[in-house]
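Make a model of the complete structure from these sequences and hints.
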Amino acid sequence: MNGLETRGKTRIVLWALLAAALILYGFPFIYLLLTSFKTPLEAISVPPEVLPTQWTLENYVSALSREGVPAALVNSVVTAVISTALSLVLAVPAAYAITRFRTPSGRVFIVAALVTRMVPTIAVGAPLVEIMRNLGITDTSFGLALAHTTISLPLSIWLMASFFEAVPDELDEAAKVDGCSRLQALWRVVIPVVTGGVAVTAIFAFLASWNEFLFALLLTSVRAQTTPIVIANFQSQFGLDWGGMTALAAVYSIPVILLTLFLQRHIVAGLTLGAVKG
Amino acid sequence: MESTTKQSPTGAVDQTAPGGPARPSERRLAASARGPGRPRTRRHLSDRAFALLLMAPAGLFLAGFVLWPLVRFIADSFFEISPIAGGPRIFVGFANYAAAFASEAFQNASVRTVVYTLIVVALEFTLGLAVALLFSALGSRSSVFRTIFMYPLMIAPIVAGLLWRFLLIDNFGIVNELLFRAGLLQSPDQVHWLSDPSIALFSVAIPDIWLTTSFITLVLFAGLQNIPGDVIEAARIDGARYPRLLFSVIIPLLRPVIAVALIVRGIDAARAFDIILIQTDGGPQGSTTTLSLLIYRTMTRFGEPGLASAMGTVYLIVMLAVAIAAIALIWRPGGSAK
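Residue numbers (the numbering used here), protein chains in the order written: chain Y, 1 to 278; chain B, 1 to 338.
Derived by calculation from the structure, the hints in this document are not laboratory data.
Incorrect hints may have been included.
To be verified - Label-pair ranges, simulated between beta-carbon atoms:
(1) Gly136(Y) to Phe94(B): 33 to 43 Å
(2) Trp68(B) to His266(Y): 53 to 63 Å
(3) Val74(Y) to Asp281(B): 26 to 36 Å
(4) Asn226(B) to Leu17(Y): 20 to 30 Å
(5) Val89(Y) to Leu185(B): 52 to 62 Å
(6) Phe142(Y) to Asp189(B): 41 to 51 Å
(7) Phe101(B) to Leu258(Y): 46 to 56 Å
Stated by the list, open to error - Lysine to aspartate or glutamate pairs mimicking DMTMM-like chemistry, simulated, CA-CA at most 25 Å apart:
(8) Lys9(Y) to Glu233(B)
(9) Lys9(Y) to Asp230(B)
(10) Lys9(Y) to Asp238(B)
As the list claims (entries may be wrong) - Derived contacts from chain Y toward chain B, CB cut-off under 8 Å, selection only:
(11) Leu18
(12) Ala21
(13) Val124
(14) Leu214
Glycine included, every Cβ here is placed at the ideal spot set by N, Cα and C.
Below, the structure written as structure tokens:
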């Protein structure tokens, strides 16, 4: 700690402030969870109550048995897994080359990856509709995963480049002296050292696909529809089924929230890496 | 940046590869000379070619699925296109751009995009910095709370948008109800968060702020940990009180970190789509129609892909220009970033 810490009475005030901030910050999702356990009617009662008067799983049963919902959950997982795998396969060698060989092409490449982040999704998404149609992969999880990779790949390259930066060059050199080829040095010596970084990158690539909406809206219609689209449709398709919406939203969000809690140390590292190193 | 920080200290080399010609500079020399003396390496490719080979798959992917669509998108902006697949395309030069700039909808949406981005970034920064300072003041025992604070980052924007629409909805929204019970409102129906055109643009920004303030907090907190203790100690000894310490010491030292956090969030906020779409669909009376929504609608609902592409191209160019200018300002090569 570096002298920004306080002691004494102010500390108590600060803890109280923090508690207030956390309650405010946590309330929206807690209210979502509480609503999901109300009856569908109570979920939209006037005036609203915070706690359910009668706890029930009705919303979960109805939301999960609704046509298209189980399929959408499966599609979300399949799309995110394909996209994550593809991002890693493409990003790891590219990031390694950028950090190790420092060629002008590598410098151009990493700047290009950064610029990709600034492109409005619609500018890529709209033409992709026709490109996917020409490739015959409209409304497939694979096609959507390709589109999601356009978001996660630049991010993955940046993250992996930061992790490779932290590995000393001497490690690869030693491996080569011991008779490894350059590819073997990467695969057998360097990658095992950065498995933590690969895991962080995988989480971010997975989340990018899991939470994505616009590509899914443009590129899927029936077969490959992912859960965010189905959640969004709850309002129009089924009238105002807020109870069902909250249940499905909870089912969709809780796995990734738990993931955060378990892997928070790594996730913080990934989030703050680029920004703090400057 | 890389070449200076990466030149390795000689000591470390000697540890890992005693006596071997393992330093990067020597390796490059050896590779280019292809001379004898390195009999163990079977090198068919130069390092440069090898690097290119490793980057090629990712490069080809980005070329095929980002660059090529973008080229087509920009090309479309010069055509009048029938929305029906396979319909006629007529070259119209800059007519779509003229139409875009003349359209009031485009001008208003541009202003709204700027306002929305400023609201999001300003509030996220203020709240994010306040919480980061709070965490620093409380020290290591706040770590559990830092984790809890992070949870909205993982939630899908579409879920956040719907959730807040539910919280703010006119007749049975819990926010108004709680404000009413706390005595802050005369009736639970007093504030029409999402249906009053004069405040809707602010209301739709709330979920975005809720979702990503923790990102700013995390980044600034990490930056705060890197401030050397003696700097703060020195300021304290000089009698600086907290506000002065904050504005004259902490914020200037955090400047590069703040800038990166704001740029990242600014870009994302300016591109916000689903979070607004799901709350208001651009309404009421178009008061929350930002550029991304306008372009999407012009393309899909109004069936004018050419005009939408022209609007999108302008949007793209402005985004790139602003972001590159901002990055150039922070990343002054060899500047004060370290």
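>> Tell me the hint numbers this structure goes against, listed in increasing order.
In response: Hint 2 is the one this structure does not satisfy, whereas the remaining hints hold.
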